[in-house]
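Each protein sequence line maps, in turn, to chains A and B.
The first sequence runs 3 to 654 under the numbering used here.
The second sequence runs 457 to 736 under the numbering used here.
Any given hint could be a false lead.
Unchecked claim - No farther apart than 30 Å at their CA atoms in a straight line, the calculated lysine-lysine pairs in the DSSO-like style are these:
id : chain 1 : residue 1 : chain 2 : residue 2
1  : A       : Lys529    : B       : Lys636
2  : B       : Lys619    : A       : Lys107
3  : A       : Lys629    : B       : Lys619
4  : B       : Lys619    : A       : Lys529
5  : B       : Lys638    : A       : Lys486
6  : A       : Lys629    : B       : Lys655
7  : B       : Lys578    : A       : Lys486
8  : B       : Lys578    : A       : Lys151
9  : A       : Lys524    : B       : Lys638
10 : B       : Lys638    : A       : Lys545
11 : B       : Lys598    : B       : Lys655
12 : A       : Lys164    : A       : Lys283
13 : B       : Lys655    : A       : Lys444
14 : B       : Lys571    : A       : Lys490
15 : B       : Lys636    : B       : Lys571
FYI, nobody ran anything at the bench for these hints, they're computed from the structure.
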Amino acid sequence: MKKLILIIFLLYSSVFPQTDSNALINRLIDSYIENSMQNVESSQIYSLFEYLLDNPVNINKASVADLIVIPFLDYSTAEKIISLRNKLGRFDSLSQLDQLKDVSKRNIDNSKHFLTVTSINKNRGLNKSSKYFKLKLRSRTTSIIQTPKGFTENKFIGTKPKYYSRLKLYYHNNYKAGILIDKDPGERSINDFTSAHLSLNNIGYLKKLIIGDYLVEFGQGLVLWSPYSFSKSAEAVNTVIKRPRTLIEYTSVDENQYLRGISGTVNFNNFNITAFYSYHKIDAGIDSVTHFVKSLPIDGYHRTENELRKHNSTGEKIFGSIISLNIPDIFSLGFLYYRTDFDNTLSLTSNNYLRGDTFSFYSISYNLFVFNFLVNGELAYNGLSFAGISNLELMLNKKFSFVLSFRNYPSNFYNLKSAGFSESGKTQNELGFYTGIKWITKFGIFNLYFDQYKFPAGKGKIFFPSGGKDFLIDYFSNRIGLAKIHVKIKTETRDNQEKGSNIISSSSKSSFRSEILTSVTKNLNLKTRFEFNVFKTDKHSEKGFLMLQDINFALNNNLFLSGRFLLFDTDSYESRIYEFEKDLRGVIFNPALFGRGMKWYILFHYRFLNTLELSVKYSELYKPGEKSLGSGNSEIPVNFDNRISAQLDVKL
Amino acid sequence: MKVLFHHTVNFPFPLVIVLCFLLFINIAAQSNPGAREIALSHSGIATQRNSFCIFNNPAGLSRSQTRELGLYYSPSPFGLKELANASAAYVEPFSFASFAVAFTTYGFNLYRENKIAFSASKSFYNYFYLGITAIYQTLTIKNYGRGNAINIILGGQVDLTDKLKLGFAIENLLRSSYGKEKNQIPVIYKTGLGYYLLKNLNLNISIEKELMFPVSVRGGIEYLPVKFIAIRAGVNNYPTSFSGGIGLNYSFLQVDYSFNENQNLGFSHQFGLSIRLNKF
Numbered sequence: 003m004k005k006l007i008l009i010i011f012l013l014y015s016s017v018f019p020q021t022d023s024n025a026l027i028n029r030l031i032d033s034y035i036e037n038s039m040q041n042v043e044s045s046q047i048y049s050l051f052e053y054l055l056d057n058p059v060n061i062n063k064a065s066v067a068d069l070i071v072i073p074f075l076d077y078s079t080a081e082k083i084i085s086l087r088n089k090l091g092r093f094d095s096l097s098q099l100d101q102l103k104d105v106s107k108r109n110i111d112n113s114k115h116f117l118t119v120t121s122i123n124k125n126r127g128l129n130k131s132s133k134y135f136k137l138k139l140r141s142r143t144t145s146i147i148q149t150p151k152g153f154t155e156n157k158f159i160g161t162k163p164k165y166y167s168r169l170k171l172y173y174h175n176n177y178k179a180g181i182l183i184d185k186d187p188g189e190r191s192i193n194d195f196t197s198a199h200l201s202l203n204n205i206g207y208l209k210k211l212i213i214g215d216y217l218v219e220f221g222q223g224l225v226l227w228s229p230y231s232f233s234k235s236a237e238a239v240n241t242v243i244k245r246p247r248t249l250i251e252y253t254s255v256d257e258n259q260y261l262r263g264i265s266g267t268v269n270f271n272n273f274n275i276t277a278f279y280s281y282h283k284i285d286a287g288i289d290s291v292t293h294f295v296k297s298l299p300i301d302g303y304h305r306t307e308n309e310l311r312k313h314n315s316t317g318e319k320i321f322g323s324i325i326s327l328n329i330p331d332i333f334s335l336g337f338l339y340y341r342t343d344f345d346n347t348l349s350l351t352s353n354n355y356l357r358g359d360t361f362s363f364y365s366i367s368y369n370l371f372v373f374n375f376l377v378n379g380e381l382a383y384n385g386l387s388f389a390g391i392s393n394l395e396l397m398l399n400k401k402f403s404f405v406l407s408f409r410n411y412p413s414n415f416y417n418l419k420s421a422g423f424s425e426s427g428k429t430q431n432e433l434g435f436y437t438g439i440k441w442i443t444k445f446g447i448f449n450l451y452f453d454q455y456k457f458p459a460g461k462g463k464i465f466f467p468s469g470g471k472d473f474l475i476d477y478f479s480n481r482i483g484l485a486k487i488h489v490k491i492k493t494e495t496r497d498n499q500e501k502g503s504n505i506i507s508s509s510s511k512s513s514f515r516s517e518i519l520t521s522v523t524k525n526l527n528l529k530t531r532f533e534f535n536v537f538k539t540d541k542h543s544e545k546g547f548l549m550l551q552d553i554n555f556a557l558n559n560n561l562f563l564s565g566r567f568l569l570f571d572t573d574s575y576e577s578r579i580y581e582f583e584k585d586l587r588g589v590i591f592n593p594a595l596f597g598r599g600m601k602w603y604i605l606f607h608y609r610f611l612n613t614l615e616l617s618v619k620y621s622e623l624y625k626p627g628e629k630s631l632g633s634g635n636s637e638i639p640v641n642f643d644n645r646i647s648a649q650l651d652v653k654l
Numbered sequence: 457m458k459v460l461f462h463h464t465v466n467f468p469f470p471l472v473i474v475l476c477f478l479l480f481i482n483i484a485a486q487s488n489p490g491a492r493e494i495a496l497s498h499s500g501i502a503t504q505r506n507s508f509c510i511f512n513n514p515a516g517l518s519r520s521q522t523r524e525l526g527l528y529y530s531p532s533p534f535g536l537k538e539l540a541n542a543s544a545a546y547v548e549p550f551s552f553a554s555f556a557v558a559f560t561t562y563g564f565n566l567y568r569e570n571k572i573a574f575s576a577s578k579s580f581y582n583y584f585y586l587g588i589t590a591i592y593q594t595l596t597i598k599n600y601g602r603g604n605a606i607n608i609i610l611g612g613q614v615d616l617t618d619k620l621k622l623g624f625a626i627e628n629l630l631r632s633s634y635g636k637e638k639n640q641i642p643v644i645y646k647t648g649l650g651y652y653l654l655k656n657l658n659l660n661i662s663i664e665k666e667l668m669f670p671v672s673v674r675g676g677i678e679y680l681p682v683k684f685i686a687i688r689a690g691v692n693n694y695p696t697s698f699s700g701g702i703g704l705n706y707s708f709l710q711v712d713y714s715f716n717e718n719q720n721l722g723f724s725h726q727f728g729l730s731i732r733l734n735k736f
């Protein structure tokens, strides 16, 4: 009964009366980062956009640093917004942004969703989004129709469905509270993971205070960042330089990588002082004899006996502080110190450098704005070595911008909460130089990047320095009649050591994707894509192919249908193709497709009574050449995989 | 198709070869009808508008407002009369939608596949067309048995600009099959573009993927040097083949001839006749 009340109580919705924000966020995500997350099922990127929608930046009070948190705005555009504000005195409406010259209209239009002209402290009555009290509830359940081996062999102690529920409360936009519960398939209890927070914003000198679960972001993520960040993507310039949000209320479902305790930022003129403290239990594989931590799993699964043994088996204490000086639009400097203490001593099998139970990190980050340049970087120290990243972003005119980024992460730069810009995703053992260009021409938009990197201490089986290079070119055309064309070509070359050989050779993966996006009418749009890739080493080569058709149809303002049908054919997992799917609000799903088969899904959203929204998705994956799909405990004994998920959103 | 050899029957040897051929070389022998379509190597998915759209891309049926009766015959593909196939289709346009019915037969007395199809197609705003076909098809193998299935084809066409057109279609949307053995009826997804370089010259390209076979890229070109004559040519990379044909058009009558040369299997010829009745 309690569980039932818990479910019913935790219905959540977030609908802005005028726009369908789920469709909007999906469109913004599509338009921004489409393929940068490989193989991550994560709601954290979605929550960045959702966070920005919920916490729009006031363009009458914002500094350049506040504005560039919005991914569509770069430094030069932000500066132009502030100059315009100084000229007009204040902005009375977002449409005044159209007066800006020499900026990308598309980026301004996209960022308007995250901007406001009203002060967050005053209520302007007529504006619905500044009501005194707002409640949002979301509840979601997902299940696979077939039964994986983990259930039939009784390895999983729990039930099949995956549940998620989240409640958010806002009072005057100054006070926010949230609670979230989540259960993965195979886990027993509906609140296998529970997270809650309470935050106060902008009260006197106190810029922010969070009690409960939160995340901290500093600098360029070399030592402290949220668990997800953008990596190389078809937005070649905008995703390289990170925009830290300092303290963030935690609303994601990663079960280990958050901070839990208390944190706050105070603001005096141009200074911000932040302090944070956290202690909570995390999953760890503990050796029964030495009591050392051998592994730190982050998947958050507690389904099997083995996983349950690791559940919350050690504690992590973190405390630290950030001091930053911010001279708006000219210069900013930040200092970070933080220390992590574990209840058990770390002796990880996966990382030779993380040994001990206490780790301290120091870091300096800087931003300097000069004419059309932004010079930015971070230098960090972990007690053993220094890691650094230096970025230069230049916007020559509204049509052309480029970024240069140089990164040096020594091989002994061990870290725990880093997310520095890198090829390997590790902020350790990498030296790289990245160039990105974005060029808006009258034919369309070109994005190009070239990244060269080296792993000074080798990688994988290779024991001496190895490296590689990546190149991408992405072209998005202007409208041609009803359609737009999008072409993306990417090659990744990497040093490789074949099994049983002592010679370093290289492997390369090249992919070519082309799409036609057709807006048939305001309510109906189609997408036709075909993608082809080749994976080659000295000894063999493989290819992969994917073709898909999307139909998206808005029946009226309240009912929205989306369907996709695709066929894929790849020689093996090496030539796999990632397919970024539309899903329920808050879910990002980017599965890898390999082998030979087809997939289709249908998704519908229905909004009713202006406060409720129901979404349902049903999908099927079929691989005729296989006898079973998946492996290990997730293996299902047939060659098709059906999933259904449903979500209810309530907003008051 | 292994299920079909469980039963032992006395077949003359040459016919056994033909049967094997029919059963294993599925795509090449059973092309969708339409002499114009074959002449273009089936690349015209974005521009097709005749009665045989019912099998290729039902969206095209609502492009024209004339009643049309289409007949098609392929007497002996690759020199084997056992592979002969014939088809008849009729389109009736109404102001709100177009409907069509068609019938196809393929094979010989020992192996015969018949299809009867019904289609509905609608145009929206004069630049977007959507159609669906339901085919009831039966396969009869003498002394063995008969299987039947319902095959659904969904197709769409969009006029992106007045010269550039996009088309797509999915065949066997429901993955139906004969009997218990799966995948006996191909699931195919095709998409393509058509471009009217000049009013009397159009270029077509399409990509087709059948679930268990490699991807097939097809190109075709159609040129009308004078109003009455159309010359067509097409190529295909899988199965590797090229094709060509000619069409003669006078008043309400259209006669088409096409040929297709498959790199491994050889030559085949097709004939088509279309009669267009009163403009609506």
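Practice problem: Sort out which numbered hints this structure fails and list those numbers smallest first. | Solution: 1, 3, 5, 6, 8, 9, 11, 14
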